[in-house]
Amino acid sequence: DTGVSQNPRHKITKRGQNVTFRCDPISEHNRLYWYRQTLGQGPEFLTYFQNEAQLEKSRLLSDRFSAERPKGSFSTLEIQRTEQGDSAMYLCASSLGTSSETQYFGPGTRLLVL
Amino acid sequence: AQSVTQLGSHVSVSEGALVLLRCNYSSSVPPYLFWYVQYPNQGLQLLLKYTSAATLVKGINGFEAEFKKSETSFHLTKPSAHMSDAAEYFCVLGGNEKLTFGTGTRLTIIP
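These protein sequence lines map, in sequence, to chains A and B. Just add 21 to wherever you are in the first sequence, counting from 1, and you've got our numbering. Just add 150 to wherever you are in the second sequence, counting from 1, and you've got our numbering.
This is chain A alone, in the form it adopts within the complex (with noise of 0.2 Å):
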């Protein structure tokens, strides 16, 4: 078990600019979370997967944000047009599949709008 994996952890970008982040979860864990958390607050639920497929995604994931697992295995977190609103810890967390299981969570990236 070699934990959640995120990459990068920093990011420092210009406004306008798009980024991506990677996610590579437990390696048996089916279900792949992505949260972000900005100072002072706990994290926010963005998005998740079950497999391959995007199952929920919340009202703070706007249309400029998009993510995907293609082989249900690692995932990406896309922004486009970054806004120095967007700066943040983006999250990512994995499990084995019900809502009762342990979420482990990765390090982080963390992101920064200039």
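There could be a bad hint or two in this list.
[Stated by the list, open to error] To spell it out: a stretch of chain B is covered by chain A in this simulated footprint if at least three of its residues, at any positions, have a beta carbon under 8 Å from a beta carbon of chain A; those stretches are:
(1) 191-198
(2) 245-256
[Said to hold, decoys possible] What follows is a list of derived Cβ distance ranges for each label pair:
(3) A/L81 / B/V179: 20 to 26 Å
(4) B/P261 / A/N39: 43 to 49 Å
(5) B/K219 / A/R102: 45 to 51 Å
(6) B/E216 / A/R36: 43 to 49 Å
(7) B/G166 / A/L135: 43 to 49 Å
(8) B/G158 / A/Q75: 34 to 40 Å
(9) B/G212 / A/Q105: 37 to 43 Å
(10) A/S87 / B/G166: 33 to 39 Å
(11) A/P29 / B/K208: 33 to 39 Å
(12) B/A204 / A/S79: 39 to 45 Å
(13) A/Q38 / B/K219: 45 to 51 Å
[To be verified] Examples of chain B residues toward chain A, derived with CB under 10 Å:
(14) S159
(15) F184
(16) Y186
(17) N211
(18) F213
(19) F217
(20) V242
The hints are simulated quantities; they were obtained by calculation from the structure and are not laboratory data. Ideal placement from N, C-alpha and C gives every residue a C-beta, glycine not left out.
Got chain A; can you put chain B on it based on the hints?
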């Protein structure tokens, strides 16, 4: 609707003293409740979880929490604080496929 309220964004206790972090929840479905800890520059780590098996839940590092349905509470305690307990603690509500986090309590340990 799902919501979690953590009372006290900052709590300070002396080393060796009791730690009590308060959490209340609101849920329209049977809740699953978790406490996660976040150490500086590290990811979220599970401390303990309640999934309806037993109301008193024991976790790692000497922490425990008691589920009280009548009070809709899930307070976290530790009998004797250690310097290494300094971190951000999140009470988290599950039960509808995603997690709902409280705003967190930063625990400071006074030597």
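Right, here's what the structure says about each hint:
no.	hint	verdict
1	191-198	holds (count 5)
2	245-256	holds (count 10)
3	A/L81 / B/V179: 20 to 26 Å	holds, 21 Å
4	B/P261 / A/N39: 43 to 49 Å	holds, 47 Å
5	B/K219 / A/R102: 45 to 51 Å	holds, 46 Å
6	B/E216 / A/R36: 43 to 49 Å	holds, 47 Å
7	B/G166 / A/L135: 43 to 49 Å	holds, 45 Å
8	B/G158 / A/Q75: 34 to 40 Å	holds, 37 Å
9	B/G212 / A/Q105: 37 to 43 Å	holds, 42 Å
10	A/S87 / B/G166: 33 to 39 Å	violated, 50 Å
11	A/P29 / B/K208: 33 to 39 Å	holds, 37 Å
12	B/A204 / A/S79: 39 to 45 Å	violated, 32 Å
13	A/Q38 / B/K219: 45 to 51 Å	holds, 49 Å
14	S159	holds, 8 Å
15	F184	holds, 7 Å
16	Y186	holds, 8 Å
17	N211	violated, 16 Å
18	F213	violated, 15 Å
19	F217	violated, 13 Å
20	V242	holds, 8 Å
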